[in-house]
Each structure stands twice: as structure tokens, then as C-alpha cells.
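Trainee: Sequence:
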Amino acid sequence: MAPPNPTQVIPDISFASNAQSFQSNRNAMLCHNRAFAAKVARKNQEAIELFRKAIELKEAGRMSQSSLGGSWNELGETYLQDGQLDAALEAFTKALNIRASLTPREIHLFDTSVTRENIARVYEAKNDPANAKKAREEGIPLGEVCCSNYRCNKKEVMDAKKLKRCKHCMSSWYCGTECQLVDWKSRHKRHCKDLAAAQA
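With this note's numbering as the guide, the letters of the sequence shown map in order to residues 1323 to 1522.
If a hint is listed, it holds; no wrong ones were tucked in.
With a cut-off of at most 30 angstroms between alpha-carbon atoms, the simulated DSSO-like pairs for lysine-lysine come out as follows:
#1 1486 to 1507
#2 1476 to 1448
#3 1477 to 1511
#4 1511 to 1484
#5 1476 to 1365
#6 1483 to 1515
#7 1486 to 1448
#8 1486 to 1511
#9 1448 to 1416
#10 1365 to 1416
#11 1483 to 1511
#12 1483 to 1507
#13 1456 to 1483
#14 1476 to 1489
#15 1507 to 1365
#16 1448 to 1365
#17 1489 to 1456
#18 1489 to 1477
#19 1486 to 1515
#20 1448 to 1507
#21 1448 to 1484
#22 1486 to 1476
#23 1507 to 1476
#24 1375 to 1448
#25 1486 to 1416
#26 1456 to 1511
#27 1515 to 1477
#28 1515 to 1456
#29 1483 to 1448
#30 1365 to 1477
#31 1511 to 1365
So the derived label-pair ranges between C-beta atoms look like this:
#32 1481 to 1404: 29 to 35 angstroms
#33 1415 to 1500: 27 to 33 angstroms
#34 1498 to 1368: 31 to 37 angstroms
No wet-lab data here; the hints were simulated from the structure.
Even glycine gets a Cβ: it sits at the ideal position worked out from N, Cα and C.
Work the whole structure out from these sequences, hints included.
Mentor: Listed below in C-alpha cells is the structure:
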């Protein structure tokens, strides 16, 4: 057998793998950003396809779980926006499972609380006040509570005891009257009467 050639270049497999992973992650972020733009423009089907592709790329590139959880949450919001409630619930559940397992927990509490709130919004749309209430209240002992107004400017977790509950259905809760009014006009008005009747 001939002795090894000292001048022979041995391919760096790890470098090639890392380069491939980097490209996959880059493509995933580009795909996610395009999906988000489509979601904002309410091009729901386009956004759904792009978010699913972004998730596939993130999983292939072993991207951070935090980023993966974000894409699942955005996918769920797009399904909810499109009225696909079962698909939305499935996506939010996957997002919650990821986000609830992230460490250190303190820096991920708000993201997790947002997903819990999104799950509650799905149950409200399904006219299921018991599970909407359960989804929100499960976050209380974990410190994973946020305002029910999707457009709330306070991007932080809140003390559930200080939140203002809707007096009619007792399902949604808000950081103040302004957020309650905004959510009433944009979303909650459609569900409140049925939610209250379901609990009567």
C-alpha cells in the first residue's frame, strides 16, 4: 500500500456542513420575512406557504428554538387571520411547546404569554369560553400573562390581578380601558355576546 501523500488536501466536512447550515438559516430568515410581509398584506395563503417553508428550513439548519417557535406562532396567527381555527390551534400549540421549554425562562416569558393569549383567541373564535379562560389562567402561576389586545403597546408580561376583565364574558382581560376599547372594536365584539351566553 502506498504511504499517504502529505500534500493531499483532506476535505473539511465540518466546514462544508456549517456553510450549508448557514445558507439554510439565511434562506429561512428571508423566507420568514417574506411571509411576515405577506401576512401584514393579508395575503394569507402566500404567507402560510412561506411560513411553512421557513419552518422547514429552520429545522433543517438546526436554527435556534427561539426562532423556530416564533415562526410557528406567526403561522398560527396567519391561520387565525384566515379563519382556519383548527390549523391555528395546532400551530400555536407547537409554538407554546417550544417557547415554554426555552431557557433562561425569564427572557422568553413575554413570547410565551403571547402564544398563550393567541390560543385563548382561537378558543374565543370557537365560542369555547371555558378553554379560552383556561388557556389564559394556566399562564398565571408561570408569570406568562399579557393584555388581550393584540395591538397593546406594552410588550411585557403583566400581573393578572391588575388586569381588567371584560365584565360581560369575563374571558378577555386588559391592561386598561383604552386597550379594551381597541380590542372591542377590532375583534372582541364579534365573540363577547356568544361567550357570555355560553357561560350563563
